[in-house]
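Asker: Here is how the chains run, residue by residue.
2 protein chains.
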Amino acid sequence: MNSTKPYEHLIEHRLDHTEVYKGSFLHAFRDTVTLPDGKTTVREYLKHPCATMVIPIRDDGRLIVERQYRYPVQQVMIEFPAGKLDPEENALDCARRELREETGYQASEWAHAGVLHSGISTSTEFIDIWFARGLSPGTRELDAGEFLDVFDASLEELLEWARLGLLTDAKTLTGLLWLQNHLNGSWKLDWHSVPPTP
Amino acid sequence: MNSTKPYEHLIEHRLDHTEVYKGSFLHAFRDTVTLPDGKTTVREYLKHPCATMVIPIRDDGRLIVERQYRYPVQQVMIEFPAGKLDPEENALDCARRELREETGYQASEWAHAGVLHSGISTSTEFIDIWFARGLSPGTRELDAGEFLDVFDASLEELLEWARLGLLTDAKTLTGLLWLQNHLNGSWKLDWHSVPPTP
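Here the protein sequences line up with chains A and B, keeping their order.
Every position in the first sequence, counted from 1, becomes a number in this note's numbering once 381 is added.
Every position in the second sequence, counted from 1, becomes a number in this note's numbering once 381 is added.
No lab work stands behind these hints: they were computed from the structure.
Remember, it's a predicted structure, so these values are computed and weren't measured experimentally.
Chain copies aren't distinguished; within one or between two, either way the pair holds.
Straight-line alpha carbon distances no greater than 20 angstroms define the calculated EDC-like cross-link-like pairs of lysine to aspartate or glutamate that follow:
(1) K428 <-> D467
(2) K403 <-> D467
(3) K428 <-> E400
(4) K420 <-> D524
(5) K569 <-> D440
(6) K420 <-> D530
(7) K465 <-> D524
(8) K420 <-> E522
(9) K420 <-> E527
(10) K569 <-> E541
(11) K569 <-> E538
(12) K569 <-> E490
(13) K465 <-> E522
(14) K420 <-> E393
In isolation and in its complexed conformation, chain A is listed as follows:
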C-alpha cells in the first residue's frame, strides 16, 4: 500500500535539491519537483535522523512514561521514552540506550512493533516503535541539557489522559494504539531475549 508502483498518478519527481538552512538541530531543504500533471512546484522539508520509541511494560503491567518540557509547544508533555539514532547505531541499540539513559531501566525482552512517520508534509523523520519487558531499574544518564521526570501509569490512566486531552503527543498516542491492540490480543508481538548491557 505504501509502495509507489501502482500510484504513478500521485508521484512527484525531484528536479533539484538545495540546502536552505543548517543549524545545530534543523536541516532544511528546498527541492523543485515535477507534479503528476507535469507542472513543477517547490517542496520544503527537514531532513531528520531516524528515531526510536520504547513502550516499557513493567511486570505488574504498568507502563514507564516521562514528563518533559517541549519548547516548541511550550508545554510539559507525557511521552514514551524516545530518541534519535546515533551515527551507525541500529534501531534496537538506540531503543536500549534511550531507555537506559532516560529512565535507568534495562529490559531483558524486546519486540519490534512498527514504524510511525511523525510529520509527513514537513519532515523525513520516522520513528521505530519497540516494546520492552523484563525491566530492571538502574541509574539514569541524561544528556547535558536534558531534564525529564520518569513515572509509571496504567494503560487505563494513559487512555484516560488521551481522552481528556492531557496526553497529546502523536508518537505516544500511536504507542497507545499499539499497546491497546497488543494487550487486547489483536496485535501479536515477536519477543526476543536480549542480554543486558554490561
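The hints should help you fit chain B onto chain A, whose structure is shown.
Answerer: Frame of chain A; chain B shown alone:
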C-alpha cells in the same frame, strides 16, 4: 497534566528569538533559552499554522480516507483528510472546508474529539481532531498542485494496515486510537448538527 505550573524543574525560558529561515512553506526560528539548571542552550524549531484532521464515518460505518504522495518521506501514504487553517478561519470551518475540498463530502453532524501535537521537538504544530457523519457526496475542489485519491475502508481494514506497517502516518494512527475507543463505547463524543454549506 499539560499545565506547566507544578513542573518548574522542567521548564525552559526564552532569552532571545531569531528567525533563521522563511521559505514558501517552512518558517524556522532559533531561540536561546534558560534551562532548569540555569545554563543556556539553543532550541531550533518550525512555526507551523494549526491544522485540522477529519475522521469521516459513512452511514454504513466505513471511513473515508485518502492516498497521497508525501514528498518528504517519498511514499504514498494513507491518511484521514487534513489541512491547515486559513488566516482567521476557525477549526470547524477548516475541517468542513478540507473535507469538502479534498473528498467532495459534506457532513451534517460534527463532533470535536481532541488535539494532537505532531512533532513536539521540532514544530509548534497541533492538529485539531474532528469526527464527521451524515455524509453526502459532492464534487472535490483540490488546490493547485494537490493530487490525492479518495477511497473508503472499514475500521478493521485500517487497523490491519496499521498492524502491517502499511499505514504509518502518526496523525492518522492517532485518529484510529480515537475511532477505536469511540466505536467500542469508551470515548463518548458530543455531536452537533451543522447546516450544509450553500
